[in-house]
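Q: Residue-level listing of the chains:
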Amino acid sequence: MRRIKHDLEGQLAREFTALSSALQRGLRESPRVWGSQPLGAAAMCVELEEVRRAWEDLRRAPDFARDSDQMMTSQWTLRDLTSHVASWAREFRLEVEFTLRGQEVPYEIYFDPHLGPAEWNHARVAERREQKLNDILYEIDAETRRMQELVLRASPERLLTEMKFGPVVGPERRPLFRTLAELAAGRCFHDRHHLTRIAARHDPLQHRC
Amino acid sequence: MHDPCPLPSEHAVLRACTEGVVSSDEGFDRLYSLYAGPVLAWLRLRVSHAAADDLFQEVWGIFLRRWRNWQHSPAMDDPDAKPVLSFLYRTSHFVLKAFQRRERVMESLEDAANTTLEPGAIARTIDFGRCLALAKKVCSHDELEVLVAKLAGVPAREIARTFDVTEAVVDHRYRDAIARVRRRLRIETPAPRRTREGHAKN
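If you read the sequences in order, they're chains W and D.
In this text, residue positions in the first sequence follow the working numbering: the first is 1, and each later residue adds one.
In this text, residue positions in the second sequence follow the working numbering: the first is 1, and each later residue adds one.
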């Protein structure tokens, strides 16, 4: 016992290893045979965490803020593109909040069949034009954490129930129905899409996109 | 800090997959052989036997999905990086968080007298070893999270990011956990009394 008191850390490590080994021996088949499972709240949070960390790495990358006025598209600078992601991060979160309250989103975001939600996008980017790039990145971070909390709060049934969301498509203003799980996945897809473009110019991001 | 990590490196598996020496499926199975035990141990130290087994499947299901789209980068070759162990750790963190949310909702809906988080129930179903069992009993939630991660060799940086704290806080929680277990060991096993001749007497 005196030896244990003296080397408690070593003893804990040995006990943990013994426990892990015993549990490992009891496991036979590889999880590959379980087949794919539906995306649950935790899986969505993990996906959201991956993109949150990618943005965090970007924020911490040396010289990143210096490039905020660099043109990324024919119309948008790096700051604008980041604003665009932030505005959708906020919008996704707002729509999830309505859904969790059992409400339909009480407004529409018009998607042109060819141009997408161009008008909405430009208005939201313009709103953030005076903000610093770092502040916009913090907004993405905060929105992602809030989204994670919301997803964790949702019941498994709610995650997989189709709801009408804000976007409407074309002149007939066709509504979009999605599950909350699809919305969260859409948020991650949208972030990754733009992160990939930004990563092409900033090495620290390459491994996450 | 004492490095308790007794596990072989995951880098050899990642390298073999990147170089095409082993298939993606075989790589996955090797990583499973490497880390299934520690992941299940983390979970069983936190929740009941049955719940841990379910959550274990969820963690590996999420990792399998990730593994199929795994993209290796030079940053992952850093010996301290352990990208797979880190991913499994933060996945376990979210899986536990989601589970505990569900449990709280269920408890508020019904009078759940038989909660799965009751420490005695866990201790009855598995032998953790004396010091681990004491750690489970005396450490706070945050300290236990850090302790089990450190015991499995999760990098301090990853633990810090998972909990959104600094590495100094991680170190502090680890030290606190060790100190608590040490104090409890002293209480439960007093030093042997000495006879006049200087021999130990129990």
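Keep in mind that the hints were calculated from the coordinates and are not lab data.
Among these hints, one or two may not hold up.
Chain D is nowhere near these chain W residues, computed Cβ spacing over 12 Å in every case [said to hold, decoys possible]:
| id | residue |
| --- | --- |
| 1 | A18 |
| 2 | L27 |
| 3 | V125 |
| 4 | R129 |
| 5 | E130 |
Part of the chain W face toward chain D, derived, beta carbon under 10 Å [to be verified]:
| id | residue |
| --- | --- |
| 6 | E9 |
| 7 | Q24 |
| 8 | A41 |
| 9 | A43 |
| 10 | E108 |
| 11 | F111 |
| 12 | D112 |
| 13 | L115 |
| 14 | Q131 |
| 15 | S155 |
| 16 | G170 |
Predicted, not measured: the structure shown is a model, and the values here were computed from it.
We put the beta carbon where it would ideally sit given N, CA and C, even for glycine.
Q: Determine for every hint whether it applies to the structure shown.
A: Structure-based check of all given hints:
no., hint, verdict
1, A18, "violated (6 Å)"
2, L27, "violated (5 Å)"
3, V125, "holds (28 Å)"
4, R129, "holds (29 Å)"
5, E130, "holds (28 Å)"
6, E9, "holds (4 Å)"
7, Q24, "holds (3 Å)"
8, A41, "holds (4 Å)"
9, A43, "holds (5 Å)"
10, E108, "violated (32 Å)"
11, F111, "violated (28 Å)"
12, D112, "violated (31 Å)"
13, L115, "violated (30 Å)"
14, Q131, "violated (23 Å)"
15, S155, "holds (7 Å)"
16, G170, "violated (32 Å)"
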